[in-house]
Amino acid sequence: MKEKPVKGERRVFMTGNEVCAWAALAADADIMFGYPITPQTDIMQYWTRLAPKYGKKFLQTEDEISAGFTTLGAVIAGKRAFSATTGPGNVLFQEPMSMAEMMRIPVVLIIPMRGGPSTATVIYSQQEVTMTAFGGNGEGFRVVYSTAGHQDLYDYTIKAFNTAWKYRFPTFVLSDGYQGKMRESLTIYDPAERGIEMVKAEPMLGLPGIPGVDRPTRHLRNTYNTEEELYEVVMQIARDFEKAAPEIVEWQDFDTDSEMDVLILAHGVVSRAAQGALPLLKNEGIKAGHFRPITLRPMPEEQMRAAAARANRVVVVESAYGQFLKLVKETLYGMDKPIDAILRPGVGITAEEIVAEIKERR
Amino acid sequence: MRIVEAFIGEYASGKSENAINRALELLRRNRQVTIVDLDTVEPFYTLRPLKKKLEQLGLRVIAWDPAETTGLGEAGSLINQQMIWALRNEGDIILDIGYGAHGARILNLVEGAQDDPDLRLLVVVNIARPMTASVEDIVQYVQGLGTVHGLINNSHLGNETTLDIIQDGAVMVTEAARILQLPVIYTAVAREFAHLIGPHDKAGNPVKIIELFMHEAYW
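Chain order of the listed sequences is E and B.
Mapping to the working numbering: the first sequence position 302 is 545, numbers consecutive.
Mapping to the working numbering: the second sequence position 156 is 552, numbers consecutive.
It is worth saying that the hints were derived from the structure and are not from the lab.
Note that the structure is a prediction, hence the values are computed from the model and not measured.
For every residue, glycine included, the Cβ atom is placed at its ideal position computed from N, Cα and C.
A portion of the hints provided could be inaccurate.
Stated by the list, open to error - Derived EDC-like pairs: lysine to aspartate or glutamate, alpha-carbon spacing no greater than 20 Å straight-line: (1) E/Lys250 <-> B/Asp533; (2) E/Lys299 <-> B/Glu464; (3) B/Lys598 <-> B/Glu612; (4) E/Lys250 <-> B/Glu464; (5) E/Lys296 <-> B/Asp533.
Claimed, not checked - Label-pair ranges, simulated between beta-carbon atoms: (6) B/His545 <-> E/Arg253: 24 to 32 Å; (7) E/Lys250 <-> B/Gly546: 28 to 36 Å; (8) B/Leu608 <-> E/Gly528: 29 to 37 Å; (9) E/Gln394 <-> B/Thr543: 32 to 40 Å; (10) B/Asn504 <-> E/Arg464: 51 to 59 Å; (11) B/Gln539 <-> E/Ile453: 51 to 59 Å.
Turn these sequences into a full structure, and let the hints guide you.
Here's what the structure looks like:
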């Protein structure tokens with residue numbers, strides 16, 4: 244047996260993309276498939292540097308469609324496989340991710356979001372929320388973790404493998420170009436030493452025995468002949484997803500226990516600006532709280548509604564033109580609550596900017 | 397005598413900080429100094445965003461202007477003629493080399509790098525980087541870089557740096573250097589640690605106080 248890449252616990256200093264590669268190693272992933280695209284490429288580069296040392300594998304495919312399908316192929320063969328992409332690459336990944344939803348193939352995809360639409364920037368955005376949560380020609384039966392820093396990237400990349408393999412939904416770790424390139428300290432650890440047991444990756448096809456005799460026949464399908472047949476299948480996936488949702492949802496709240504003038508809703512790295520804005524707003528005499536959904540899909544609906552109920556108004560802050568806002572509106576539907584938004588597609592947002600906007604719109 | 401030094405290391409090892417500080421140190425001695433950005437891989441955290449500031453401080457800077465490389469990611473970086481001929485400049489030359497995946501291979505593109513008698517390659521090591529976190533890892537990493545002339549201990553944890561990690565780094569880097577038969581040039585510390593550590597680290601290496609610039613270099 245190869246030596247464990249991470250032993251014990253250690254404080255380290257890295258870029259976010261490197262963290263993802265280390266986390267995948269710590270989660271005992273077997274293989275990565277991928278195609279280079281900024282700002283994702285260093286996840287691949289780091290994985291390829293580390294992989295041979297720990298008996299892991301890598302294949303660079305001809306594009307992202309292929310990277311997605313080869314990842315699924317490896318998973319079907321019983322490997323804990325993953326990939327990473329962003330922007331236009333994420334667009335191409337939607338076809339294989341749809342197939343994963345339909346065939347209940349667990350898969351992990353890490354996405355350091357870049358600017359959009361199209362090629363846009365190689366830098367940063369939160370503009371891949373809609374696509375990651377609801378892309379493809381399906382119903383969005385996916386899990387999306389939105390990370391806010393390097394400890395999150397490590398924790399949730401490891402967790403993503405277990406969520407995917409336990410519930411059998413495609414699971415996404417949503418990062419962004421800033422986090423990918425940012426340098427920050429974090430604690431890396433061997434999951435086993437923290438009592439985290441990795442769900443076993445087992446082959447979905449080619450099992451021992453004669454199908455229909457020694458074991459039930461396994462027929463993985465993404466094609467159905469009649470509407471009724473499809474309806475049954477999709478409704479079953481929907482029921483499974485709804486059932487799993489309360490176990491999967493995660494969130495953080497800050498100063499939301501008592502009545503608030505304003506509740507700031509933000510996810511990912513923007514949550515850090517929101518957290519930074521709270522003491523500044525307090526100094527200005529504004530009672531503010533912050534709610535951060537960690538899972539964007541499924542959304543911690545009950546928890547967000549409870550926090551919103553204690554605020555006079557809600558302000559959504561995101562580095563996109565309303566993608567998270569849409570999810571918030573859906574979540575808070577029916578509540579008598581003014582919803583305002585600070586929308587900055589493709590650019591960063593500071594704590595001071597949030598404070599200034601909130602003061603101006605008071 | 398002309399001083400020609402190339403700083404190489406992992407992401408976040410501190411190579412650019414050390415390159416800038418060395419260039420400024422030479423400048424303070426009234427020497428003519430050119431600093432060259434050979435980080436052709438990474439669009440972030442390079443000397444490029446600092447170009448104007450460093451020029452104002454009196455350095456000659458060979459680097460792209462950030463505007464010239466807008467839209468280029470890891471796959472689209474370029475080397476220009478000034479970089480290729482960097483070693484033909486008069487005076488001292490400090491090279492800031494891109495991070496580890498390509499290692500020192502970028503020097504193959506720099507005219508005269510193979511036989512420049514003055515060129516010294518210095519490896520900046522941070523033990524908080526998992527790839528260089530043990531003596532064995534440091535030795536392996538440095539051996540993979542080709543010809544190297546010395547090691548620098550720049551162990552840190554960003555804002556969470558402690559004296560312990562600096563000193564642990566000093567001990568590890570010194571041991572790795574002994575195995576590699578290379579000198580430890582110095583241990584670098586931010587100013588706030590100067591009075592805590594004194595003129596020498598635990599392993600007896602000289603301590604150099606560095607000013608930090610790279611937090612301003614995000615794009």
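Each hint tested on the structure:
1. E/Lys250 <-> B/Asp533: holds (14 Å)
2. E/Lys299 <-> B/Glu464: violated (38 Å)
3. B/Lys598 <-> B/Glu612: Violated. B/Lys598 to B/Glu612 sits at ~31 Å, over the 20 Å cutoff.
4. E/Lys250 <-> B/Glu464: violated (44 Å)
5. E/Lys296 <-> B/Asp533: holds (12 Å)
6. B/His545 <-> E/Arg253: 24 to 32 Å: Roughly 30 Å apart at Cβ, these two residues keep to the hinted range, so it holds.
7. E/Lys250 <-> B/Gly546: 28 to 36 Å: holds (30 Å)
8. B/Leu608 <-> E/Gly528: 29 to 37 Å: Holds: the Cβ-Cβ distance is about 36 Å, inside 29 to 37 Å.
9. E/Gln394 <-> B/Thr543: 32 to 40 Å: holds (38 Å)
10. B/Asn504 <-> E/Arg464: 51 to 59 Å: The hinted range 51 to 59 Å holds for B/Asn504 and E/Arg464, with Cβ atoms some 53 Å apart.
11. B/Gln539 <-> E/Ile453: 51 to 59 Å: holds (54 Å)
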